[in-house]
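Trainee: So the chains spell out like this:
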Amino acid sequence: MSTQPLLDVRNLKKYFSTPKGMLHAVDDVTFTIEKGKTLGVVGESGCGKSTTGRAILRLLEPTSGEVLFEGQDVVKLSKEEMRKKRTEMQIIFQDPFSSLNPRKTISQIIADPLKINKIITDPAKQLERVRELMEIVGLADRLINTYPHELDGGRRQRIGIARALALNPKFIVCDEPVSALDVSIQAQILNLMKELQKKMGLTYMFITHDLSVVNHFSDDIAVMYLGKLIEKAPSEELFANPTHPYTKALLSAIPVPSLDNRRERILLKGEITSPIEPPAACRFANRCPHATDRCRNGEPQLKEIRPGHFVSCFLSE
Amino acid sequence: MSENAKKDLTAEIKDLVVEFRTDYGVVQALNGLELEIERGKTLGLVGETGAGKTTTGLSLLRLIPNPPGVIVSGSIKLDGKDILSMGDKEMQAIRGKTVAMIFQDPMTSLDPVMTVEQQIAEVIKLHEEGGQAEALKRAREMLELVGIPGSRGGEYPHQFSGGMKQRVVIAMALACNPELLIADEPTTALDVTIQAQVLEMMKGLREKYNTSMLMITHDLGIVAEICDKVSVIYAGRVIEHGTLEDIFKNTRHPYTEGLFNSLPNLEDRQAELKPIKGLMPDPSNLPKGCAFCPRCDYAMDICKTEKPGRTYRSDTHYVECHLYNKDNIQEGKVKSR
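Residue numbers (the working numbering), protein chains in the order written: chain A, 1 to 317; chain B, 1 to 337.
Hints were generated in silico from the structure; no laboratory data involved. These numbers were taken from a predicted model, which means no experiment stands behind them. For glycine and all other residues, C-beta sits at the position ideal for the given N, C-alpha and C. There may be inaccurate statements among the hints.
[To be verified] Only pairs whose alpha carbons sit at most 27 Å apart, straight line, appear in this in silico DSS-like list of lysine-lysine:
1) Lys-13/A / Lys-85/A
2) Lys-137/B / Lys-125/B
3) Lys-194/A / Lys-277/B
4) Lys-198/A / Lys-277/B
5) Lys-203/B / Lys-199/A
6) Lys-37/A / Lys-125/A
7) Lys-20/A / Lys-85/A
8) Lys-37/A / Lys-274/B
9) Lys-194/A / Lys-274/B
10) Lys-269/A / Lys-203/B
11) Lys-274/B / Lys-198/A
[Stated by the list, open to error] Computed list of chain A residues with no C-beta within reach of chain B, every gap over 10 Å:
12) Glu-44
13) Pro-102
14) Glu-132
15) Ile-136
16) Ala-187
17) Met-200
18) Asn-215
19) Pro-242
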């Protein structure tokens, strides 16, 4: 790679202290995202995908590790410096119902980042920028003084996007931005986000549990399981050659809206085990249909098995 | 249709009109909804938020909150008996026994201060002979049936994961061997691998007990997986109905087409999503003509003023759309898959 990746995450860890012991929410996760590309991060609830996104923006302080944004480690920045850095790194939240202040109008919500960061101080110019942003995300001008509760989920998510775009960021963490929406609206928002990426050269980290959405949307896909990144590959490669047994099961579990080419389903037994003080073993071992003693006694490392395709599994060695 | 008389129907809804009369206006939730569930078969009820899916499910149990909900007209028959004219006692004997419902959100549909076996035993005590001990024993058997060790029956809901809670809810719904199971988005709150487990389990149970099912969902993938027939619902009416084959391969209604086109295609990741433009109509202010007309790419003048009637493509497949008459219904106007 001749170009420097926009985001380079190295050995990122986020542990939470609980009464039962340390909860390893994100455990030694390493990946990069190239400028203008989208990395999809998939996994089941509790696998640490949202925590990873938040730790990158330092909305949660990482326990250890480096987050290089354009070569600069943002983990080392002071609070004030980080606040400034966040004008370039934004987030779109999952729930368009709880992530908007119910007591503010749309224009106030979208103008907030401009005010807080003192980008535009003249109220008339602020309003002008708000109007511009509303147009970019496809919100009708007449809605400018409405409150979030007056709007449906799709429109609210457009507000969340406009707010994230207000500061002209380079990188946006999208935390399940469409999972609360109906399919027809979901498609509208996905198309909008793709278009914005093309127009503004945005880089996305797209967190989702919906595999058909991630396949459609991402250049690369990272699969997480219990705080670990277990497989990462270009989207086409991942869907064509899933290698980790968990990825295989996950892909086979997608209900396909078609009567043809039904796939053989790999049913997993049991559920995700506890992420509190996990033993030094493969975290998937007790659900894995192919687990051996080696898997139960040692932790596999992420290895490149084909160019760009990384897997953490003893079986693929 | 002469066929209808011969069909063995577990449930039949005819021309059902349900309104929610609020201070802000009348919400027309169901506007002449019709559906049939055949014995031992699964009907998928597909549509977006606010289309009236859950209202349909609640109607079958006569659980529409009143006020503000009112069943204005129509008939609902379970095993041929009209439930709208039944007394409350009679209705209570049906709920949980003849018809049971699995609610969407397993996190909120269990009592947090009652052990799961007691919650399951409650239904059994209400409807079956035998005392407390007998009911608890049955409850533990039900847990085993859905893949939870009976020994965990004494635990409380918070001690279970989401997937297991949903299985507890399913065990409760199945405890009295209902003839009709209404599943309201039973897997939406679950992860895909757990969803696959739960769907697999529900299929198995249906085969074992010949239970009829109404599967309420917005996920066409789940429909393809588990349903025999499909009713597509929009603004409180079934706008297209048919077998899986009819709906997936001979799509006729522009809305059904739109639903398919909105889904990312796993085989072709470059394919652009073609969303349906606009939003669901406000149910307190429905368009005069076809409810889908303002969002429809094929809309004609007549669609704005007149409600479309049914056109049958075959005995099993009908559509409510002005694009079709009996001469052109076979060829189809929208892109089939």
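Trainee: Now tell me, hint by hint, if it's right for this structure.
Mentor: Taking the hints in turn, this is what the structure says about them:
Restraint check for Lys-13/A and Lys-85/A: satisfied, since their Cα atoms lie roughly 21 Å apart, inside the 27 Å limit. In summary, the hint linking Lys-137/B to Lys-125/B is supported, as the alpha carbons are separated by about 11 Å, within the 27 Å threshold. Distance hint between Lys-194/A and Lys-277/B is fulfilled; the C-alpha atoms sit about 17 Å from each other, no more than 27 Å. Distance restraint check for Lys-198/A and Lys-277/B: the Cα-Cα separation of roughly 21 Å lies within the 27 Å cut-off, and the hinted pair is therefore satisfied.
Straight-line distance between C-alpha atoms of Lys-203/B and Lys-199/A comes to about 47 Å, which puts the hinted pair past the 27 Å bound. Between Lys-37/A and Lys-125/A the alpha-carbon distance is near 32 Å, which puts this suggested pair outside the 27 Å criterion. Note on Lys-20/A and Lys-85/A: the hinted pairing is violated, with a Cα-Cα distance of about 35 Å set against a maximum of 27 Å. Only pairs whose Cα atoms come within 27 Å are accepted, and Lys-37/A paired with Lys-274/B is accepted, the gap being roughly 22 Å.
Note on Lys-194/A and Lys-274/B: the hinted pairing holds, with a Cα-Cα distance of about 13 Å set against a maximum of 27 Å. A C-alpha spacing of about 17 Å is found between Lys-269/A and Lys-203/B, which places the hinted pair at or below 27 Å, so the restraint holds. In summary, the hint linking Lys-274/B to Lys-198/A is supported, as the alpha carbons are separated by about 18 Å, within the 27 Å threshold. The Cβ of Glu-44/A sits about 4 Å from the closest Cβ of chain B, inside the 10 Å cut-off, so the non-interface label is violated.
The claim that Pro-102/A is not at the interface with chain B holds, since no C-beta of that chain comes within 10 Å of its own (minimum 18 Å). Glu-132/A, annotated as away from the interface, keeps every beta carbon of chain B farther than 10 Å; the closest lies near 23 Å. With 10 Å as the threshold on Cβ separation, the claim that Ile-136/A sits away from chain B holds: the shortest Cβ distance comes to roughly 18 Å. Not every beta carbon of chain B lies more than 10 Å from that of Ala-187/A, the smallest distance being close to 3 Å; the non-interface claim is violated.
Even its closest Cβ contact with chain B, about 19 Å, leaves Met-200/A beyond 10 Å, as expected for a residue assigned away from the interface. Look at Asn-215/A: its CB is around 5 Å from the nearest CB on chain B, not clear of 10 Å, so calling it non-interface is violated. Its beta-carbon lying about 13 Å from the closest one in chain B, Pro-242/A satisfies the requirement of being farther than 10 Å from that chain.
When held up to the earlier numbered hints, the structure conflicts with 5, 6, 7, 12, 16, 18 and fits the remainder.
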